[in-house]
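For chain B, the structure is supplied; the task is to place chain D on it using the hints.
Quick mapping for you: the protein sequence lines, in order, are chains B and D. Residues in the first sequence are numbered consecutively from 1, following the numbering used here. Residues in the second sequence are numbered consecutively from 416, following the numbering used here.
In case anyone wonders, no lab produced these hints; they're calculated from the structure. Ideal placement from N, C-alpha and C gives every residue a C-beta, glycine not left out. Possibly wrong hints are sitting among the right ones.
[Unchecked claim] Among chain D residues calculated to face chain B with C-beta under 10 Å, some are:
1. Y461
2. G463
3. A464
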Amino acid sequence: MADELDSGDTAWILASTALVLFMTLPGLALFYGGLVRTKNVLSVLMQCLALTALMTLLWLDFGYTLAFGTEGMVAGEVNLNSFVGSLDKMFLAGVGTDALAGTIPEILFFIFQCTFAVITPALMIGAFAERMKFSAVLLFSALWLFVVYVPICHMTWGGDGGLFWDWGVIDLAGGIVVHITAGVSALVAAIVIGPRKGYPDTPMPPHNLTMCVTGTGMLWVGWYGFNGGSGLAANGAAAMSITVTHVSASTAALTWMFIEWFKHGKPSVLGIATGAIAGLAAVTPAAGVVGPMGGFCIGLASGTICFLASTTLKTRMGYDDSLDVFGVHGVGGFVGTVLAGVFGASAFGGLVDDMAIGSQVGTQLLAALITAGWAAGAGFVLLKITDAIVGLRVDEEAESKGLDLSEHEERGYIL
Amino acid sequence: MKLVQAVIKPFKLDDVRDALAQVGVEGLTVTEGKGYGRQKGHTEVYRGAEYEVDLLPKTLLEVVVRDDQLDTVVATISETAQTGKIGDGKIFVYDVEQVIRIRTGEEGEAAV
Numbered sequence: 001m002a003d004e005l006d007s008g009d010t011a012w013i014l015a016s017t018a019l020v021l022f023m024t025l026p027g028l029a030l031f032y033g034g035l036v037r038t039k040n041v042l043s044v045l046m047q048c049l050a051l052t053a054l055m056t057l058l059w060l061d062f063g064y065t066l067a068f069g070t071e072g073m074v075a076g077e078v079n080l081n082s083f084v085g086s087l088d089k090m091f092l093a094g095v096g097t098d099a100l101a102g103t104i105p106e107i108l109f110f111i112f113q114c115t116f117a118v119i120t121p122a123l124m125i126g127a128f129a130e131r132m133k134f135s136a137v138l139l140f141s142a143l144w145l146f147v148v149y150v151p152i153c154h155m156t157w158g159g160d161g162g163l164f165w166d167w168g169v170i171d172l173a174g175g176i177v178v179h180i181t182a183g184v185s186a187l188v189a190a191i192v193i194g195p196r197k198g199y200p201d202t203p204m205p206p207h208n209l210t211m212c213v214t215g216t217g218m219l220w221v222g223w224y225g226f227n228g229g230s231g232l233a234a235n236g237a238a239a240m241s242i243t244v245t246h247v248s249a250s251t252a253a254l255t256w257m258f259i260e261w262f263k264h265g266k267p268s269v270l271g272i273a274t275g276a277i278a279g280l281a282a283v284t285p286a287a288g289v290v291g292p293m294g295g296f297c298i299g300l301a302s303g304t305i306c307f308l309a310s311t312t313l314k315t316r317m318g319y320d321d322s323l324d325v326f327g328v329h330g331v332g333g334f335v336g337t338v339l340a341g342v343f344g345a346s347a348f349g350g351l352v353d354d355m356a357i358g359s360q361v362g363t364q365l366l367a368a369l370i371t372a373g374w375a376a377g378a379g380f381v382l383l384k385i386t387d388a389i390v391g392l393r394v395d396e397e398a399e400s401k402g403l404d405l406s407e408h409e410e411r412g413y414i415l
Numbered sequence: 416m417k418l419v420q421a422v423i424k425p426f427k428l429d430d431v432r433d434a435l436a437q438v439g440v441e442g443l444t445v446t447e448g449k450g451y452g453r454q455k456g457h458t459e460v461y462r463g464a465e466y467e468v469d470l471l472p473k474t475l476l477e478v479v480v481r482d483d484q485l486d487t488v489v490a491t492i493s494e495t496a497q498t499g500k501i502g503d504g505k506i507f508v509y510d511v512e513q514v515i516r517i518r519t520g521e522e523g524e525a526a527v
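Here chain B stands alone, though its shape is the one from the complex (with noise of 0.2 Å):
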């Protein structure tokens, strides 16, 4: 690591900051908000809000630390410092405007993973849509950023000792931080707290299309920040990561368009939509590795697997996923976390020259499933415990009433 500032640098990740922030707010508020019905449209949007400013204060004091502290991390031996970083920077003790992280200050570093902080248990939010009480929300998602979030995110990106770094992980931007873990929590609690009253037999379809489709625009405008931004460099792979990002968008997009119209005789306006977002959240772990090619491929793979998970298996399986937080984000990110062990190698046009595929793919994998597993447990004991705590769940008036008025004392529309 260079110990000299860089300006070019750290022009490109504060504006990246910025984009990843876009990515919640109003990215996610708009998508997820058009999606709900009315009477829920100001819950999913107070849920993002809050979810940004709680998780920034816990990032703040003891989230940055435990994500990121490195005392105790030794390269290639594992102890408890592979699976959480140490406590010397609580309250971003000695991190001021001179502490660097690379060619960037450390205070930048911080501030740009916080939006990463923010956006994960934001997109969990869309798997208990409509139904979950507000104050089991903040306090499961509080629990979740320390349980869940940060030992992953250590293990993955803490740096020389952490487990998965060790192993040689490949996860640019977070397709096991960020996709994996929110998307598994997300399924489980869909589960735990049940279907919405009336699912599935009762129409329950998106409230305001438009919305949704502007929220797709700025989460994909947002995710040349998310991915461009997460090299820390702004450079050649920087322009590379966002290249691939876009063609995995378009890829996707078009994929889940072309098999709804083929299916349905249709090419609907939230199916190419929610390509799009599939093809993003695909692509993000392999954004550092993969050429143009492998964007492509991948954009192919996550369209129609994703597309897959989020009708067919949701169906058959009947949860209540409302959003499809699990079909787009978990299996998108399953899905490009592997291909990455694939695509990544420069036989593949990657731009990994000595990649051995099979061991790389068993690699990814094997991060993935434990990452998987990890979220899935410790998940559903903070839901059990969030349960036992404030109750999970409103009651059957407040839900058929709508969490605006009942949570919140308010109305979307007063038209």
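Structure of chain D alone, referenced to chain B:
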């Protein structure tokens, strides 16, 4: 005097209004509504889940006419609102006992 009430497809409103103006109808009332007839509604698909939507957008048009205008008005609406496809709508005719123009106090056919 008769009240002619017609349920028509919304996109036919302008055509019907122009045609009625040409046969001497000077005023009418329009309400946007929803409904269905024998054809029922249609299906919408969101992420693979199919929803039956029974209530389709319709326009309710109401006009009070003199008895001697009735046949012309009914024929005009019927011809103009027709597409030949299912869901073109219906026309209902009612007797009207009295009409009063609020501004002048005129009554009966003079107020129509």
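Against the structure, the hints come out as follows:
Taking 10 Å as the C-beta cut-off, the interface hint given for Y461(D) holds, the closest approach to chain B being about 5 Å. Given hint, G463(D) at the interface with chain B, holds; its Cβ is 3 Å from that chain's nearest Cβ, closer than 10 Å. The beta carbon of A464(D) is positioned within 10 Å of a beta carbon in chain B (closest approach about 7 Å), and the interface hint is therefore held.
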